[in-house]
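K.L.:
Below are the chains, spelled out letter by letter.
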Amino acid sequence: EAQVTQNPRYLITVTGKKLTVTCSQNMNHEYMSWYRQDPGLGLRQIYYSMNVEVTDKGDVPEGYKVSRKEKRNFPLILESPSPNQTSLYFCASSRGTVNTEAFFGQGTRLTVV
Amino acid sequence: AQKVTQAQTEISVVEKEDVTLDCVYETRDTTYYLFWYKQPPSGELVFLIRRNSFDEQNEISGRYSWNFQKSTSSFNFTITASQVVDSAVYFCAGGGYNKLIFGAGTRLAVHP
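Going down the list, the sequences are from chains A and B.
If you use my numbering, the first sequence corresponds to residues 82 to 194, in order.
If you use my numbering, the second sequence corresponds to residues 505 to 616, in order.
If you want a taste of the chain B side facing chain A, the calculated C-beta under 10 Å gives, among others:
(1) Q510
(2) Y536
(3) Y537
(4) F539
(5) S546
(6) G547
(7) E548
(8) L549
(9) V550
(10) R554
(11) C596
(12) N602
(13) L604
(14) I605
(15) F606
(16) A608
Using C-beta positions, here's what the derived DEER-type ranges look like:
(17) B:K520 with A:T103: 40 to 46 Å
(18) B:G547 with A:P142: 21 to 27 Å
(19) A:G97 with B:G547: 25 to 31 Å
Rather than coming from a laboratory, the hints here were simulated on the basis of the structure.
Heads up, the beta-carbon is just placed ideally off N, CA and C, and yes, glycines get one too.
Please build the complete structure, drawing on both the sequences and the hints.
P.N.:
Rendered as structure tokens:
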């Protein structure tokens with residue numbers, strides 16, 4: 082089954098404790114991206130990757146890191162989480178670039194206390 | 505810079521009513537793509553439609569229809585004879601090559 086898998090689905094952590102949210106897709110898609118969803122703001126792009134070893138900042142990259150060492154994986158790293166990073170996070174992948182349908186993971190709800 | 509505006513924050517209708525969700529996409533690009541996604545209460549994001557900027561033909565899929573007008577930068581979504589299962593947050597999104605911009609979403613509540 083074609084899918085994008087994020088882990089964990091829910092996470093509560095404390096300020097400053099490094100964490101990684103994993104994202105994996107099995108569709109051999111080149112393009113992957115991370116979004117955060119906040120009430121009233123919709124989804125905002127954090128980082129995107131157009132292929133292995135190619136990553137770039139989206140609209141809200143501050144406080145986040147990503148890597149794309151393999152085509153299927155695109156982890157999101159929060160080196161020192163802060164309460165303003167409490168949000169719902171989505172990973173997405175698509176064939177080619179953003180002009181094709183995006184497949185989304187089920188989301189990770191992160192709470193930073 | 506691109507901008508997606510969904511002016512309707514929340515819409516409430518009674519089952520079987522028709523409802524239109526508005527979306528305006530502003531960009532300087534001549535080639536771009538527009539999307540609608542549905543987010544039901546369970547939280548996942550479901551792709552509904554993709555349209556490129558050169559195709560202004562209306563599209564109908566069952567009870568759903570989309571109207572794209574390049575002159576007004578609008579890409580509106582109509583649900584005919586709404587059902588309770590249509591209750592969700594609907595996002596309009598637009599993008600050129602490497603970045604996809606989402607609107608703030610419209611929450612649709614369909615009451616029995």
